[in-house]
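Participant: This is what each chain is made of:
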Amino acid sequence: MMLAQAGGGDFLLVGLWILVLAIFVGFELITKVPPTLHTPLMSGANAISGITIVGAISCAVADYPELGKVLGFLAITLATVNVVGGFVVTDRMLGMFASKGSKKKDS
Amino acid sequence: MSLSAIFETASAADTWVQASYMLAALLFILGIKRLARVRTAQSGNQIAAVAMLLAICVTVWHLWGEVFDLKVLVGGLALGGVIGLLLAKRVQMTSMPELVALFNGLGGVASLLVAWAEIERARSEMPEGAASLSSQEGVLFAVAAVLSVLIGAVTFSGSFIAFLKLAGKLWKSRIGPLGNKPLNVLLLLGAVYAAGMVGFAASGGSADIQTWVYVLLGLTLVLGVGLVVPIGGADMPVVISLLNSYSGLAASATGFVLQNELLIVAGSLVGASGLILTQIMCKAMNRSLANVLFGGIDAGSSDGDSEYKGVKSTSGADVAMILESAQSVIIVPGYGMAVAQAQHKVQELAGVLEADGIEVRYAIHPVAGRMPGHMNVLLAEANVPYEQLFELDQINSDFKNTDVVIIIGANDVCNPVAYEEGSAIAGMPVLDVWDARTVVVVKRSLSAGYAGIKNPLFERDNTLMFFADGKEAVEETISEYQDL
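Chains as they are written, first to last, in the working numbering: chain A, 1 to 107; chain B, 1 to 484.
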């Protein structure tokens, strides 16, 4: 947020740099995920996309216009459903994978 | 811009916030890295969750100095948290595709709402009639905001339609005129025009920004419906992956609106993840993304008649006898197994066979089910060790050395027509199940799969059709086998 203080044009450049590098990192990391884990990967990634909640929180600041606050409340609520639900359900799924692995070792 | 310049303009608090965001971004990357292996995946997800918590706490702390509207903040977090927790705890594993589609849509709409709220704020701060956003910054803001609204809205309404389709509540490929390709093109052009007008207004043009935001919202929401409605069940793995990618890109665009690097990083990671899964799914069907989105399989081309000749039907007792003399068995699960909730029974059957020294393996086609990895999750729920699950290219050459193949609720992924040029699914990699000595197909009827084409596998000499619900068929086979 504070890079912005130097001006929008600069942020555009910095932002694009970050965008390109992060997409590249993403490609590198995700091509290594085996098909067995594709569903948990998808729901985990989904939860991460709820990062927009950080933006939503800033809409709860009191000097926002009334409509902005209503939108902010909706955004916070929905993003929280996405974040909490996404991480918890992914954890549940991966728990099933994990318990199975250890059972195999025991037998 | 040099680092010292950053620190000169930033307060100490800003620096801490920035450092925490950077840490959160690193933790997201580390978390996804750990998601790549079964043993580390659970901790990877937890690391990502911690990163999210850190980002949320730091943001709240940073904004604490300003006058917070606690009703909005605490109310939203509490309500969303409870709903999310309930959904995640209660959902059945067979309903995962619907839930992921739903969460996808929520992520998309949240990004949209944030961008919209920012446009409202910018508008309220704009002096009447003045061109306050005419700077370079204003243009960046406007472009990012309309992109965020556009992608977010398409993600939201598209995911909602995908959710209805996956939950079996919507089968139509048209809703009124929606789903029509030329109409989609018109909607897209309209949306781009409206987006342009919002940008024009935001950068000081003489247009009413609020009106155009509403127009943009309306058009893009309808466009999302129009894009997803015509897509059939078998193509859902592609669509759900693509929507996953969009929800990330929407977050990235919102990152540009708020000039927040963490949103850009996290959004890009999700965007990349969704794109890769989309690509894998398309490859598994030998179709291009454009074909999935705009083409649709032409069912009439190779179908002709769907009459089957010389089909042999079988029963649990027969299958049990065949299994008794078998040494190796491969189970091929499909969406039908999910619908019948048969995964636990399948695992039970495998256990019974293994107890008699019969080798049991599972062949998983990449697009079996309704989302990437769908079958793997169901079998994991039923405690099937993942060492027994094999991908198409790992196991395809083993079918010829296999005694019995049991296909449960799968159809198109083992259709030999794929090897015939000019067929509707020509070139799609399929499981060569017919190479096995005996193939048992558990299926409720001879109806076509989602590709809508005939499957000559059912007419083969070594194929036996077991006409029953997947769960009941397996149950019957187990009890007959144990009575032998």
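If you are wondering where the hints come from, they were derived from the structure by calculation, not from laboratory data.
Be careful, since some hints might not be right.
According to the in silico footprint, chain A covers these stretches of chain B (three or more CB under 8 Å from chain A) [unchecked claim]:
(1) 187-195
(2) 314-323
(3) 394-405
(4) 437-443
Taking lysine-lysine and the PhoX-like style, the derived pairs with C-alpha atoms no more than 25 Å apart in a straight line are [said to hold, decoys possible]:
(5) B:K181 to B:K169
(6) B:K283 to B:K33
(7) B:K309 to B:K181
(8) B:K400 to A:K32
(9) B:K283 to A:K32
(10) B:K312 to B:K400
Values in this document were obtained by computation on a predicted structure and should not be read as measured data.
By construction, the Cβ of each residue, glycine as well, lies at the ideal position given by its N, Cα and C atoms.
Participant: Looking at the structure, which of the earlier hints fail to hold?
Facilitator: 1, 2, 3, 4, 7 and 8
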